[in-house]
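Those protein sequence lines, which keep their order, are chains A and B.
Everything in the first sequence is counted per the working numbering, starting at 10 for the first residue and increasing by one.
Everything in the second sequence is counted per the working numbering, starting at 5 for the first residue and increasing by one.
No lab work stands behind these hints: they were computed from the structure.
For each residue, glycine too, the CB sits at the ideal point set by N, CA and C.
Hints are supplied without guarantee of correctness; some may be wrong.
Stated by the list, open to error - Heads up, incomplete: computed chain B residues facing chain A, CB under 8 angstroms, no partners named: (1) Pro-108; (2) Ala-112; (3) Gln-162; (4) Tyr-164; (5) Asn-228; (6) Arg-229; (7) Asp-231; (8) Arg-234; (9) Arg-235; (10) Trp-337.
Each chain, letter by letter, is given below.
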Amino acid sequence: MVRYSTVQVARGRLTGGGPRPQQEQAIFVAYSFDRQESETFRQELESRLRNTTSMRRVKVRDGHVAEGRPWASSIRKRLQSAHLLVADLTVVEPEVLCECGFAWGLGCPIVPVISATRAMRSLPEWIRDLQIGSYGTEAAWDALIDSIAEHLNARNPSREPVPSPVPNQVLLLRANGGTPPVADQLQAAASRYGLDCQEADVQSASLDEDNLDVLWQVASSSAVVAPLTGTQNDNFAFFSVGMVLARPTAGEARSKLYRRIILHCTVPSVESTLTTTFRRNHRSIRVTSASTILQELHEFGRRFDNWRMGQEKP
Amino acid sequence: MRLTSPRDFDQAIADLGSRDLVFVGAGSGEERSSACFEQLVRSQRMPRSVYVVDYDTPALRGKGEPDATTEGGDSLLWQASRRLQELRGSQTKQLLLNPYASQPFIDAVVELRQAENGCTLVLDYSCFTRVHVIALATIMAQWPDHTPSPVLCYTIPQSYVIETRERRAWRDVLLVPIGSPKASENEGRAYGLVMAGHDSDRLGVALQEYEPDRGIVTYIMTKNRPDFYRRAREANSDIVSWLRAIRDPGPDTEGEGFSWTETVLMLEDVERVESATRLLVDSARQERATVLLFPFGPKLSALAAAFTIARESDIPAWGILPTPIGVEGEFSWGVGPRYCVSIADP
Numbered sequence: 010m011v012r013y014s015t016v017q018v019a020r021g022r023l024t025g026g027g028p029r030p031q032q033e034q035a036i037f038v039a040y041s042f043d044r045q046e047s048e049t050f051r052q053e054l055e056s057r058l059r060n061t062t063s064m065r066r067v068k069v070r071d072g073h074v075a076e077g078r079p080w081a082s083s084i085r086k087r088l089q090s091a092h093l094l095v096a097d098l099t100v101v102e103p104e105v106l107c108e109c110g111f112a113w114g115l116g117c118p119i120v121p122v123i124s125a126t127r128a129m130r131s132l133p134e135w136i137r138d139l140q141i142g143s144y145g146t147e148a149a150w151d152a153l154i155d156s157i158a159e160h161l162n163a164r165n166p167s168r169e170p171v172p173s174p175v176p177n178q179v180l181l182l183r184a185n186g187g188t189p190p191v192a193d194q195l196q197a198a199a200s201r202y203g204l205d206c207q208e209a210d211v212q213s214a215s216l217d218e219d220n221l222d223v224l225w226q227v228a229s230s231s232a233v234v235a236p237l238t239g240t241q242n243d244n245f246a247f248f249s250v251g252m253v254l255a256r257p258t259a260g261e262a263r264s265k266l267y268r269r270i271i272l273h274c275t276v277p278s279v280e281s282t283l284t285t286t287f288r289r290n291h292r293s294i295r296v297t298s299a300s301t302i303l304q305e306l307h308e309f310g311r312r313f314d315n316w317r318m319g320q321e322k323p
Numbered sequence: 005m006r007l008t009s010p011r012d013f014d015q016a017i018a019d020l021g022s023r024d025l026v027f028v029g030a031g032s033g034e035e036r037s038s039a040c041f042e043q044l045v046r047s048q049r050m051p052r053s054v055y056v057v058d059y060d061t062p063a064l065r066g067k068g069e070p071d072a073t074t075e076g077g078d079s080l081l082w083q084a085s086r087r088l089q090e091l092r093g094s095q096t097k098q099l100l101l102n103p104y105a106s107q108p109f110i111d112a113v114v115e116l117r118q119a120e121n122g123c124t125l126v127l128d129y130s131c132f133t134r135v136h137v138i139a140l141a142t143i144m145a146q147w148p149d150h151t152p153s154p155v156l157c158y159t160i161p162q163s164y165v166i167e168t169r170e171r172r173a174w175r176d177v178l179l180v181p182i183g184s185p186k187a188s189e190n191e192g193r194a195y196g197l198v199m200a201g202h203d204s205d206r207l208g209v210a211l212q213e214y215e216p217d218r219g220i221v222t223y224i225m226t227k228n229r230p231d232f233y234r235r236a237r238e239a240n241s242d243i244v245s246w247l248r249a250i251r252d253p254g255p256d257t258e259g260e261g262f263s264w265t266e267t268v269l270m271l272e273d274v275e276r277v278e279s280a281t282r283l284l285v286d287s288a289r290q291e292r293a294t295v296l297l298f299p300f301g302p303k304l305s306a307l308a309a310a311f312t313i314a315r316e317s318d319i320p321a322w323g324i325l326p327t328p329i330g331v332e333g334e335f336s337w338g339v340g341p342r343y344c345v346s347i348a349d350p
């Protein structure tokens with residue numbers, strides 16, 4: 010399913026695009042469930058789209074998942090069928106950034122918005138590479154609705170197709186120019202399993218089409234080690250989590266290698282601030298400290314080995 | 005004459021010492037098309053001249069970049085070579101060629117070899133069409149002794165995208181001569197060498213046109229990327245099972261029947277590709293049969309097989325290559341390992 014979406018995007022690129030198929034269009038709204046202002050924004054957006062003739066039939070979806078259902082796969086399905094993600098980043102929350110990363114990883118365009126009262130410079134720098142919309146005034150709403158219409162009517166994919174994850178590629182993200190405390194050991198462990206280990210600086214991350222190197226590195230890596238420092242840099246780690254969850258497997262054949270993002274808490278207090286989404290260890294996300302980071306990479310290396318030998322369970 | 009074992013690109017280039025280099029590669033939107041060239045420049049081994057093979061067809065010109073309207077002008081190799089031109093004043097020349105014609109490619113390479121007399125040619129065939137990979141094997145098999153051995157580079161991509169959905173029909177099925185063209189003496193018998201790739205449609209179409217009664221299906225295993233091999237297996241399993249079943253000699257034929265076998269070879273093990281090909285060629289020779297190569301796997305292995313066949317001057321041999329209408333079927337992204345081979349005395 011994930012692979013299919015890549016082919017679709019690349020096909021558009023190769024053939025110069027074409028008219029959108031006659032299907033229902035959908036947008037996904039990523040917003041903070043805990044904030045009244047954000048909740049109101051989501052309802053107001055849907056209502057304004059209903060009142061716009063050309064977008065009356067556009068489906069509006071969000072990340073609310075019924076209790077008892079797997080949230081990652083449910084959101085993945087919604088985002089896979091969405092033509093656009095509108096994200097309320099008035100307060101930058103990990104879940105919203107994760108959904109943004111999810112959409113970006115699937116090749117879905119993102120429209121970040123903030124309330125009219127919020128200062129744009131409070132947003133992470135790499136997000137500000139995209140034009141930020143706003144809401145709260147009539148003029149701002151009109152501009153936002155126009156932007157959504159423009160995205161939905163675009164004939165060509167708005168950006169390069171996202172690279173597929175490469176099974177033997179590992180990425181160590183650096184924050185504030187620093188490297189993980191055991192970077193050398195991580196490199197050595199990676200090479201022991203035949204993994205190609207690269208490094209990238211979070212500060213260089215950008216959503217600018219001409220400067221996507223770091224995002225492409227995240228997209229094409231099977232294992233990403235991202236630091237959580239309790240600073241604004243963590244936002245990129247949350248975005249990266251979304252990218253990994255969007256395309257959770259790597260490899261060209263049916264037997265896939267499950268990707269993994271290792272969130273490495275450099276400050277012990279950071280772990281306790283994480284929401285359940287990120288704190289709970291599962292197949293794709295691991296939260297670790299300095300003492301266990303190497304162990305986590307070894308575990309991924311063993312899984313890579315099993316996959317390479319054809320022993321990975323589908 | 006034989007192909008040397010594949011070596012890491014950097015090592016192979018370092019071993020060339022201070023020799024004058026001439027770089028030849030294809031203009032393409034694929035990242036790997038300029039990877040070897042850029043590595044060459046990074047390691048301060050500036051080629052004296054650069055030749056960019058531009059394919060004279062809208063489907064292939066600037067593949068992957070539909071906005072590229074100038075001839076070859078926007079491909080990654082052109083961009084990289086222009087940077088070098090600005091830096092060092094080295095010359096970039098265009099070879100505008102028909103992607104599906106073998107002889108013009110051979111003529112162009114022979115001509116530039118004469119023009120750049122004394123220089124070592126570095127030929128990056130990663131983004132050459134398969135017709136030209138076979139033509140390259142023919143050139144290598146006839147490489148003159150007194151000329152410096154060329155370096156043949158190949159970059160594995162990180163991922164392939166097969167554009168089967170755009171392919172509504174096939175333009176043609178080409179028969180490309182391997183080595184000097186020779187008439188078949190025994191038209192009723194042919195040996196096939198299938199290099200299985202990810203695109204089984206192409207093999208299916210090729211076999212509909214020419215189905216040898218016996219042969220070898222080879223799958224190529226790439227170090228650290230078993231998924232490439234597995235995908236080739238998955239993609240071709242139906243067609244290969246059918247081929248083997250329909251040509252099964254049965255239990256009572258005492259080896260007289262027809263049959264197909266399967267084998268797995270490592271990409272880096274060019275010698276095994278050569279020996280498997282040689283065995284097939286020897287069997288064909290005994291029966292005066294034709295050898296048909298279906299070169300759909302990695303181009304390094306396809307080159308090695310075609311080169312081995314091309315050296316056998318007495319065997320009629322053809323590469324079978326269906327060409328689609330519209331978009332060329334292969335596109336890749338990313339840059340994986342880079343390999344270099346050359347030719348040497350046995």
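Outcome of the hint check:
Given hint, Pro-108(B) at the interface with chain A, is violated; its Cβ is 26 angstroms from that chain's nearest Cβ, farther than 8 angstroms. A least Cβ separation of about 27 angstroms between Ala-112(B) and chain A goes past the 8 angstroms threshold, and the interface hint is therefore violated. Restraint check, Gln-162(B) versus chain A: the minimum CB separation of about 5 angstroms is within 8 angstroms; hint holds. Contact between Tyr-164(B) and chain A, as hinted, is supported at the beta carbon level, the nearest pair being about 7 angstroms apart and thus within 8 angstroms.
Evaluation of the Asn-228(B) hint against chain A yields a held restraint, the C-beta minimum of about 5 angstroms falling below 8 angstroms. Look at Arg-229(B): its Cβ gets to within about 7 angstroms of chain A, closer than 8 angstroms, so that hint holds up. The interface hint given for Asp-231(B) is met, as the beta carbon of that residue sits about 4 angstroms from the closest beta carbon of chain A, less than 8 angstroms. Against a cut-off of 8 angstroms between C-beta atoms, the interface hint on Arg-234(B) holds, since the closest Cβ of chain A lies about 3 angstroms away.
About 4 angstroms separates the beta-carbon of Arg-235(B) from the nearest beta-carbon of chain A, less than 8 angstroms, and the hint is met. Checking Trp-337(B) against chain A: minimum C-beta separation of about 6 angstroms stays under 8 angstroms; hint holds.
Hint check: violations occur at hints 1, 2; the rest are consistent with the structure.
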